[in-house]
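Peer 1: Sequences listed follow chains A and B, in order.
In terms of our numbering, the first sequence is residues 1 to 821.
In terms of our numbering, the second sequence is residues 822 to 1008.
Calculated from the structure, these hints are not laboratory results.
These numbers come from a predicted model, not from an experiment.
One or more of the hints may lead you astray.
Claimed, not checked - Partial chain B-side listing against chain A, Cβ under 8 angstroms, derived: (1) 852; (2) 856; (3) 867; (4) 868; (5) 897; (6) 900; (7) 1006.
As the list claims (entries may be wrong) - Here are the simulated DMTMM-like cross-link-like pairs (lysine to aspartate or glutamate), alpha carbons at most 25 angstroms apart as the crow flies: (8) 841(B) <-> 130(A); (9) 420(A) <-> 645(A); (10) 194(A) <-> 996(B); (11) 194(A) <-> 949(B); (12) 442(A) <-> 315(A).
Claimed, not checked - Residues of chain A clear of chain B, computed beta-carbon distances all greater than 10 angstroms: (13) 89; (14) 95; (15) 123; (16) 231; (17) 576.
We put the CB at the ideal spot given by N, CA and C, even for glycine.
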Amino acid sequence: MALPTRRPTFCPGCGHRAAFYALRRTFADAIFPGDIGCYTLGLNQGAVDTVHDMGASITMAAGFYHAYAQDGQQPPIIATIGDGTFFHSGAAGLENAVYNGARFVLLVLDNGTTGMTGMQPTPEYGKTADGHAGVKIELEALIRGCGIRYLAHADPHDIPSFQRALLDAVEFTHSDAGGVAVVIARYVCVTQVKGLGPNRKPLAVEVVHGPRPRAPETLAALDAQWMPVHRDRLSPCAEAGPAGNDIERLMTLAGQEQWREAAAMLYAEHPFPSTLGRVCPHPCESACNRGAHDGALAINALERLAGDRGRSAADFAVRGPDQGKCVAVVGGGPAGLAAAYHLARLGYGVDVFEAQPEIGGMLRWAITEYRLPPAVLARELEVFAALGVTLHTGMRLGANLAWAELDRFDAVYLATGAWKQRRLNVPGAECAGVQSGLDYLKAMRSGTPPTLGRRVAVIGGGNTAIDAARSARRQGAAVEVFYDLLLAIPAEVEAARTEGIVFHHEIVPVAFAAAAAGGVQLLLRELAAPAPQDDADAERCATQSSEADSVLVCIGGDADLDYLEAADLAPNGRLAVDAWGRSRDARIFAGGDAASTGAGTVVGAINAGKRAALAIAERLGGRPLATPDLQLANGPGIAVSIAADASSPRARQGAPAPQALEIRLQFFPKTPRATAPQRAPEDSVWNFEEVNFGLGSAAATAEARARCFHCGVCTHCDICVDVCPSEAIAKVDGVYRIDATTCTGCHVCAAECPRGAISMPAAGVCIGCGYCTTRFECPSLLRGADGLVSIDRRTCIDCGMCIQVCAQGAIRPRQETANRP
Amino acid sequence: MKCQAIIAGVGGQGVLFAAKVFTEMARRRQLPVFGSQTFGMAQRGGSVMTHLKIGEFNSPLVCEGDADLLLGLDFTEAHRTLPYLHEQRGERGAVCVVNAPAGQAFPDSRVAALLGSMGVTVHTCDADAVALAMNNPLLANLVLLGFGAAHERFPFTYDELCTATAAVSGALRRDANLDALERGRAL
């Protein structure tokens, strides 16, 4: 006759259970030397490997360390000991371990009593066993007295923060100055205080039961739809980026110092990584899940370095097989050039017509040299000649280029930009000394710097305004910027401030006038103050005034579309086109700032040019534009590399990007964002040399390697293999295989994947997987013959911990309903 | 008088309290007593047992085959501790008092036969049911003690049991504890 084994287990609500659960969930392969006390029962949860004598957790941990260290190995070792046993016989072993240079983590489970033998006080308590006042001995002081330099506190009831504390401690044991790290987990003995104690609120739970994904009789194998699947998803950075770059892959390659491969990958999407890496407002960084953790990745700086290190696109880009069709691109700015780049790579003949003496558009004629050095741009522009794109400079449509001359082309892409400067509609806007900021920048970039005078006022808060202000500062002027909205890249604004440029927030001009001493008098108004009704009213509405020798007006530009038939114009004065650049005329496409869709930024123009290239290719008989396939989830980006290879891993990343909540932040220690060195302001204001030196390759590699979460993309970190409670996940030939007959469907792998790369539906009901009863092992969780779990309300003390344990989301706070007593 | 007894149960059932009552009874009669018990795991669902040696003994633990009395607060734990009971010694066989529904203490006929051949007298008492009826399952230990005290070979009298129980009980529990003894005796 078999008697039931009575395996002792922690009391319901015991903090030890929470600690061992978190310990085992964080480290699958660690060595867990244990000790003697209630917490010996951690062996039920797989987090106690040795039990020898009191204090042996520490001495054995030290021994394990030295034994492995002589073979050059250092597995994580986490010893557990209670406060009572530590006071009794732990300290001597700890001194020995510290003195002899052992490295391991000691987790002190401090419940302030000797629970196992009937609540005798420990020296920390301040009372002797017979109730007399004793000399209170502080645990922390004793631990520090043993020579411990790393002492942290953590609460196991918050599993993520506890995991983080343990991971930090293990990291310390591996650091150069590392040694023994001690983590104290402090909570009350629930049996001693007969409840949760003063600092924890009761949280009654219930198990949700409902239709199960599989019936108990089909335990043989889990239905495919309920199985976890390793499925790469689109990273939020890539989703947010208009250029269509595979940023996650860029980080992987940068982390491996494969700069050439990184550049090749970027050149598959656009020809300007070195340029974008300098001038882009980087919406990708704004979407980085790391942003709220410890600062977004320096994606922009890495793109720059990949472009700079990867040599010219001319080395990578290959002209596609000749399609026998040709396309005219009118406008050699970023939109037109991006279209030309992709069209040439798809095998179309491309002629670019540029009004200015050189191609480049805003990149060449407006963006200042200290942000985008001419040599960098020139190198990026080399690719067009290499791709066989015919460049016609000095050709302006409607002037020395007639429409009829475009008739020989199978399609025409209009990307003529927005060069017509808006004028301020205020009295005196035409007076001497007031000029367009864009004209000023163009003159500067043409090698004919205008004379500005000593005092310069800049009107506007966009990137052009900042460029104009910093250029004027480099000409020796004292510069003030008046703006209503600050839309420029924050780092540029900050750099301008350090260069001594003064910003006036929400101050707008109401009138200009010639000043008595020469120069211009600016009448200004706070944005909140009443606006003038007419010109005569302007002076009365001014709330302040200023004087300047020159005023640079940078309030944006409009497309100069005189060359077009009026019928094609959109109400906003831009060419009406759809998202793919298609106009009413099937042969005419348009994009960039000239079109109704607008570009706004260089990266927006690149996006427009790429879309137009694909639309033109489709029109000319190329592959159909499968727009939903090429569009990167819900973002603006289009990935040409998917069009090129529909079976690429990228093409399978269709699922929406993981949000920050899906990232297990506890696996990622906080590491500050890498910042590129800058030219000192006292130096930078005297010349037009590049201000931002960019990240060095070592710093960039470290940034990519240490900081990228690789959101949604499996990095083969093996955490899923480690956390699977039924050992159903195995790595075979570098690929994860999940055994449907052993997988219980517990969802733990999907919940624990640091980066949301495992897809699996959560049932939201108890599926009878048994994870909670085996790994958390609370006696108040009763598992029936059908495998389903229910709560034993007689013994449950409402600690609420099991809610964090059930990965299926089947244990939830108890819903108070009217019919429940 | 010399008596060796085993009290067996599961953590939380009050094995240690029952042992405390025994030592109090012995103390009041000025008899030497050893009480040795499982610690710690008692509160965590494990098997718990107390060795009681009342009278002149030199060592604290009861040897297998030496116990005169087995109080089983749980019938599976009673099975586990059966080897401690002694075989028939002349007139005297050992006594086994078990908390179980009537006739259910040793459902396996082979076990019952073995006990019969050893001369062990088995008494079952559904102390759990009585305690539940009193709305307090924790009282099962005292119900079983009250029931056992009615046996002629119980080493102490019922009055001694009541006095000792009252002495070691907290003021709030005293009346309920004595009530439980009485209900056990009445079975």
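Peer 1: All the hints need checking, so say for each whether the structure fits it.
Peer 2: Do the hints match the structure? See the list:
1. The criterion of a C-beta within 8 angstroms of any C-beta in chain A is not met by residue 852(B), whose closest approach is roughly 25 angstroms, and the hint is violated.
2. At about 14 angstroms, the closest approach between the beta carbon of residue 856(B) and any beta carbon in chain A exceeds 8 angstroms, and the interface hint on this residue is violated.
3. Hint status for residue 867(B) relative to chain A: holds, with the closest Cβ pair at about 3 angstroms, below 8 angstroms.
4. About 5 angstroms separates the beta-carbon of residue 868(B) from the nearest beta-carbon of chain A, less than 8 angstroms, and the hint is met.
5. For residue 897(B), the interface hint holds, since its Cβ comes within 8 angstroms of a Cβ in chain A; the closest pair sits about 5 angstroms apart.
6. The interface hint given for residue 900(B) is met, as the beta carbon of that residue sits about 6 angstroms from the closest beta carbon of chain A, less than 8 angstroms.
7. Taking 8 angstroms as the C-beta cut-off, the interface hint given for residue 1006(B) is violated, the closest approach to chain A being about 28 angstroms.
8. Restraint check for residue 841(B) and residue 130(A): the C-alpha separation of about 18 angstroms stays at or below 25 angstroms, so the hint holds.
9. A C-alpha spacing of about 41 angstroms is found between residue 420(A) and residue 645(A), which places the hinted pair above 25 angstroms, so the restraint is violated.
10. As the CA atoms of residue 194(A) and residue 996(B) are separated by approximately 23 angstroms, the hinted pair is consistent with the 25 angstroms bound.
11. This hinted pair checks out: residue 194(A) and residue 949(B) have alpha carbons roughly 23 angstroms apart, not beyond 25 angstroms.
12. For a cut-off of 25 angstroms, the pair hint linking residue 442(A) to residue 315(A) is broken: about 31 angstroms separates their Cα positions.
13. Consistency note on residue 89(A): stated as away from chain B, and its beta-carbon is indeed over 10 angstroms from all of that chain's, at 17 angstroms minimum.
14. In this structure residue 95(A) is separated from chain B by more than 10 angstroms, as the shortest Cβ-Cβ distance comes to about 28 angstroms.
15. Once the 10 angstroms rule is applied to beta carbons, residue 123(A) is consistent with being away from chain B; the minimum gap is 19 angstroms.
16. No Cβ of chain B comes within 10 angstroms of the Cβ of residue 231(A); the nearest lies about 42 angstroms off, and the non-interface call holds.
17. Distance to chain B confirms residue 576(A) as a non-interface residue, since its nearest Cβ pair spans about 77 angstroms, more than 10 angstroms.
In this structure, the earlier hints numbered 1, 2, 7, 9, 12 are contradicted, and the remaining ones agree with it.
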